[in-house]
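Dock the two chains into a complex; use the hints.
Protein sequences appear in the order of chains A and B. For the first sequence, this note's numbering gives the first residue as 1, with consecutive numbering after it. For the second sequence, this note's numbering gives the first residue as 1, with consecutive numbering after it.
I should point out that these hints are in silico values taken from the structure, not numbers from a laboratory. Any given hint might turn out to be false.
[Said to hold, decoys possible] Have a look at the derived ranges for each label pair, beta carbon to beta carbon: (1) A:Ile365 <-> B:Asp137: 57 to 67 Å; (2) A:Ala11 <-> B:Val223: 29 to 39 Å; (3) A:Thr339 <-> B:Met19: 52 to 62 Å; (4) A:Pro336 <-> B:Arg308: 34 to 44 Å.
A virtual CB, placed ideally from N, CA and C, is assigned to each residue, including glycine.
Listed below are the residues making up each chain.
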Amino acid sequence: MDLDFTAAEDAFRTAARAWLTENVPATPLPSLETREGFAAHRDWERRLAADRWSVVSWPEAYGGRGASLLQWLVFEEEYYAAGAPGRVGQNGISLLAPTLFEHGTEEQRARVLGPMATGEVVWAQAWSEPESGSDLASLRSTAVRTDGGWLLSGQKTWSSRAAFADRAFGLFRSEPGTDKPHHGLTYLMFPLDAPGVTVRPIGRLDGKPAFAELFLDEVFVPDADVIGEPGRGWWVAMSTAGNERGLTLRSPGRFTAAADRLTALWHAAADPGDTALRDRVADAVIGARAYRLFAYANASRLAAGGTLGAESSLNKVFWSELDIALHETALDLLGPYGTLADGADEAPAHGSWADGYVFSLAGPIYAGTNEIQRNIIAERLLGLPKGRR
Amino acid sequence: MRFLLTDEQREFARTLDGMLGAFGTPAVVRAWAAGEHKPGRDLWARLAETGVFALAVPEAYGGLGPLPLELAVAYTELGRHAVPGPLVETAAAAAFLDRLGETGAADAWLPRIASGDAIVGLCADGAPFALDADAADAVFVVRGDTVCRTEAHGPVQPSLDPARRLSRPLGGTVLTRGPAVTAAATYATDTARLLTAAQALGLGRALLDETVGHVKRRTQFAVPIGSFQAVQHRLADTLLALEFAQPLVHAAALALARDAAGAGPDIAAAKVAAGEACHTAARTALQLHGALGYTDEPDLSLRIRKARPLRDAWGTPSECRARVLAG
Ligand SMILES: Cc1cc2nc3c(=O)[nH]c(=O)nc-3n(C[C@H](O)[C@H](O)[C@H](O)COP(=O)(O)OP(=O)(O)OC[C@H]3O[C@@H](n4cnc5c(N)ncnc54)[C@H](O)[C@@H]3O)c2cc1C
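The shape of chain B in the complex, shown without the other chains (with noise of 0.2 Å):
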C-alpha cells in the first residue's frame, strides 16, 4: 500500500475528526468570530494533547517532529470541521524558528508551541496584516531579511470570514537579521501553503458531504433534489476535484519531509488543487443548498465563508502556478 495512507495515518484522522465531532466546534468558530477566544483556547488544548501541534515541533524541543505527512493529515480535520485560529501560523512560526538559528526564541517558544500552551501568529514577508494577533501570544513578522517579534496590532477589521481576524501588525523588537531569515521565511511559507492546502481539503470535503445530504433530503417537485442530472454532475464534479487534490496534498507532504529545498512546486501544485476544489465545493453547496445555503443561520455558512480566504492565504492561485512552473 505504498501510495496510500498507512492504516496509522488514517486512525489518527479518525480519532481526530472524532474527537473535533464530539467537540461542537460551530459554536466555538461562531465565539472566536466575536473576539471570545475562551472556547477556542479550550479546543486549542484539546487538540494539543492529540500531539497535533507537537508534531510540527523537532524531538529537541520537546516535539515530535516535524512530520509535513502527518501534519497534513491532521489539518486535514482541522479544515474538515472549520477550527478557528492560527493554526497554519503556529505550524508555520515552528517551522519557521527551528530553522531560525536563533536559539533565544527557539528555547523559548517551540516547547510551548508543542505543548499547545503557546499560540504563535507569523506574518510572511509582504502579508499586510496578521491572522488572529489579537488571541495570539507572539506574532513574529518578516519583512525581507529581519524578523521582529511585534508588540501590538492594529484594530480587527472586517473581512470575508469574520472567524479569520485580520489586523496589522504594529510597532516590534528585532529578533534576528541575515540570511537565514529569508531560508526560514522560505521553508516556513512552504509548510504553511501546505496546511492551508490540507485544511482546505478537509473544508471541502466537509462541504460535499453536508450538500450530498441535503440533496438526499431535499424533495421538490416530489422528487429528491439529488435525482435531478444537473445536481449530480456538479457533485461529480466536486468529488473529482477533491479527489485529484488529495494525492497532490500528500506527496506535497512528502516532498517537504525528504527535501526542504525542492519542495517548493509541489507544494504549490497542491495548493492551487486543493484551494481551488474546496473554493468549488463552496459554490456547489451554496447552490445547491439554494437560498437556505445564503443565510448564516445554518452551520453551513461558517464553512463557506472559508473558502475563498483559504484558496488566496499563503499564496493566491496566481502566485503558486507561477511557482509550479518556476521549477
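In isolation and in its complexed conformation, chain A is listed as follows (with noise of 0.2 Å):
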C-alpha cells in the first residue's frame, strides 16, 4: 500500500489546476436548476469539451483523455477545490455513457457521446414512477412494438433536470404478465421534445423548477434507440446503478473541497470554546478524509480488474450522510448568515451553503434510499437473512 501519485497522476494534476485556474468563471453561474443558469451551464460544458476537460476518462475518440479511474478521482478534486460549476450532463455522463460503452451499439456511442460531451445534448434520467420509488421493477409505463420501433406511454417522475434537458433515458415494460417484475423490461433512449411528450416541471424543495414528471402517450422510438436486448432492461440498469453508488455519481473531491471550506469557516468565524461544534467540524473533516481514502481504495481495486458489488451501497450511505453533516454543520457556524440564500446579496459564498444544504438533504433519497441500502449491506455483505418486503 502507498499514497503516492505517480508522475503521470501528478502532470495530470498540474495540467488540470492550470486550465482551470485559467478558467474557472470568477462569479458562480446562476443556479442550473432555472432556466437561465441551464444555459449557462451548457456554454460552460462547451468550454470544457473545446479542451477535452468534460470526461476525461472517456476514449480519446469520443471527446475524452483516456484518463485512468485515479486520474478521474484527481481531476475531481481540482475541480471541485477550483469552485467550477456544477455539472449540467452529469446524468448523462455518468449514468448514461457507462452504459452504452457497456451495452451499447457502435453506431449508439459514435451517435450520443458527441453531443453529449459538448453539453449540446443534455439527458435525464427517466427511471421512477409515481407509484414505483425504492420498487423500480414495478413499474407499469410500457413499451409497445410498432413498426421499426416502439411506442411509449405512461408517466415518469422526479426527474432531474428534465425540464430543460433534450433527451432521457428509461425502463419501459415491453412483455406485459412476467412471472417476476424486472423481466420484461426494455431500457430506452427517447428525445423530450418528441410528438406525445409533455413535461411538466415540478418544483424541489428550494422551489427551483428544473426537476419534471414527463408524461407519454404513444410516444415513437426507433430500434436503434433501445440499449441492449430488448426485454433485458433491468440487467442493463442495474449494471450501471452500480457504478453510480460506488465511485462516479460523488467523487470524494467534492467533499474534500467542502471539508477544507468548513474548516476555514471554523477558522475564521468560530469561537473556539465552543467544543460541540468543533467536534462536528472535526467529524466532517474525518468523514471526508475518510471518504477520500476508501474511494481511492475501490478505484484500486476497479483498476486491478475486481468490480464492485454491493460495496457501492456502504459508498451510497456514506457520502450521503456526510454531505448533510458538512452542511449542517457549516450552516450552524453561519449563524443567522447561514439562512440566507443564493441571490441574497450577503449571503456568504453566494448562498452555496445553504443551496448545498437543501440539496444535501436529497442525498439519502435518490440514487437508491439508504434504508434499502441498508437492507443490502445487511443482506449481502453481512450475510444476513432477507427480511419480509
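And the structure:
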C-alpha cells in the first residue's frame, strides 16, 4: 500500500489545475436548476469540452483523455477545489455513457456520446414513476412494438433537470404479465420534445423548477434507441446503478473541498470554546478524509480488474450522510447568515452553503434510499437472512 | 493495488489471526484480569516469535522497524483477539527510547523489547495511571521535559476493563530531561494513538462478527432476529463505521512512516474514527445479544468491556478532534 501519486498522475493534476485556474468563472453561474442557469451551464460544458476536460475518463475518440480512474479522481479533486460549476451533463456522463460503453452499439456510441460531451444534448434519467420509487421493478409505463420501433406510454417522475433537458433514458415494460416484475423490461432512449411527450416541471424543496414529471402518450422510438436486448433492460440498468453508487456519482473531491472550506469557516468565525461545534467540524473533516481513502481503495480494486458489488451501498450511505453533516455544520457556524440563500446580497459564498444544504437533504433519498442500501449491506455484505419486504 | 494492503501484509494478518485463535486468548484475558501473568507472558513470547515487537524496534537494536503500517496490521489482529497487556505501551516505549538520544536506555531495552523478553510500560505526560505496571519489567513516566524510570507502583485499581490493570507509578530515577524528551514523547504518543486505533478497529470487527453470527442463530417470533430490519440496519451502520475507519488507520500509519512530525492530525483522525466505530460495535453487540450480552460468562463480555477504554486511551475523542483541526 502506498499513497503516492505517479508522475503521470501528478502531471495530470498540474495540467487540470492550470486549466481550471485559467477558466473557472470568477463569479458563480446562476443555479443550473433554473432556465437561465441551465443555459449558462451548457456554455460551461462546451468550454470544458473544447479543451477536452468534460469527459476525461472517456477514450480520446469520443472527446476524452483516456484518463485512468485514479486520474479521474484527481481531476475531480482539482475541479471542486477550484470551485468550478456543477455539471449539468452529469446524468448523461455518469449514468448513460457507462451504460453505452458496456451495452450500447458502436452506432449508438458514435451518435450519442459526442453531443453529450459538449453539452449540446443534455440527458435526463427517467426511471422513477409515481408508484415506483424504491420498488423500481414495479414500474408500469409501457413500450409496445410497432413498425421499426416502439411506442412509449405512461408517466415518469422526479426526473432531475428534465424541465430543460433534451433527451431521456429509462425503463419500460415491453412484455406484460411476466413471472417476475424485473423481467420483460426494455431500456430505451427518447427525445423530450417528441410528439406525445409532455414535460411538467415540479418544484423541488428549494422551489427551483428544473425537476419534472413526464407524460408519454404513444411516443415513437426507433429500434436504434434500444440499449441492450429488449426485455433485458433490468440488467442493463443495474450494471450502471452499481457504478453510480460505488464511485462515479459522487467523487471525494466534492467533499474534501467542502471540508476544506468548512475548516476555513471554523478558523475564521468560530468560538474556540464551542467544543460541541468544533467536534462536528472535526468529524466532517475526518469523514471527508475517510471517504477519499475509501474511494481510492475502490478505484484500486477496479483498476486491478475487480468489481464493486454491494460495497457500492456502503459508499452511497456514507457520502450522503457526510454531505448533510458538512452542510448542517456550516450553517450552524454561519449563524443568521447561514439561512441566506443564493441571490441574497449578503449570502456567504454566494449562498452555496444554503443551496448545498437543501440539495444534501435529497442524498439519502435518490440513487436508492439509504434504507434500501442498508438492507443490501445487511443481506449481501453481512449475510443476514432476508427480511420481509 | 496501490491504495490497498499488499498480499504479504494480508497474509501476515491471517497468520496472526490463526495463531491467536489457536492460542485461546479468552482464558489468557481472564487470567491476566486476575493478576496471573504467566499465560499472558507465554502469549507475549509467541507474538514476539512472529516478529510483532521487532516491527517497533529499529534494525540497529535487533528489530525490523520501525514499520508503522505492518504494526498497525498486527495490532488490528491483537485487538481482534482482545490480547491483554501493555502492547501499545511497549511499542510506544520503543518509539520513545529510540528517539530519546539517551543510548544507555535504548541499548538496555530496545533489543529486549524486540525479542519479546521485556514488557515495558510508558506513561504520557499528564496520564495519572500506568497500564499493567504490575506485569511490566520497566515503566517510564514522562512529566514535562523529564523522563523517569519508576521503581514501584500503587495498588491496582478496579477499572471498567479488568484486563486493563491501572495503578499509579511511584518514585523513580530521572533518566534524562530536555527538549529531546518532549519530542520523543510526541512521537511515542502518536505511535500509541495509532496502535490503539488499530486495536480498536480489530476489536470492533470481532464484535461485529460475533453479533452477526448471533443474530443469524437466535430465533424470536419464529424467525431469526437478523431478519428484522431494525437489527439489520444497526449492523449495517456498524459495518459502515468500521469500513470507513480502516483506510484512515492505514493512511495514518503511512503518514507516520513518512513524516513523523506531520502525522499528528492523520493519526488523530484515525483514532477518532476507529475508537468511535469500535464503541458503536460494542453498543450494538450488547444490545443485539440482549441479556446474554449483559452477562460476563460469555467471552463476548471481554470484548465489550474493552471498547470504551480503548476509545479513550491515549487521547479522548475530544482531544483527538481538536488535534485534527489544529492541523
Ligand atoms: C433530488 C432528487 C432527484 C431525483 N432524480 C431522479 C432522476 O433524475 N430520475 C429518476 O428516475 N428518479 C429520480 N429521483 C427519484 C428517486 O430515485 C426516488 O425518490 C427513490 O428511488 C425513492 O423512491 P420514492 O421517493 O418513491 O420513495 P418510496 O419508495 O416511497 O420510499 C419512501 C420511504 O420508505 C422507505 N422504504 C421503502 N421501501 C422500503 C423497504 N423495503 N425497506 C425499508 N424502507 C423502505 C424508503 O427508504 C423511504 O424512506 C430523484 C429524487 C430526488 C429526491
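**OP:** Quick one: which hint numbers does this structure break? Sort them smallest to largest.
**Re:** When the structure is compared with the hints, only number 2 turns out to be violated.
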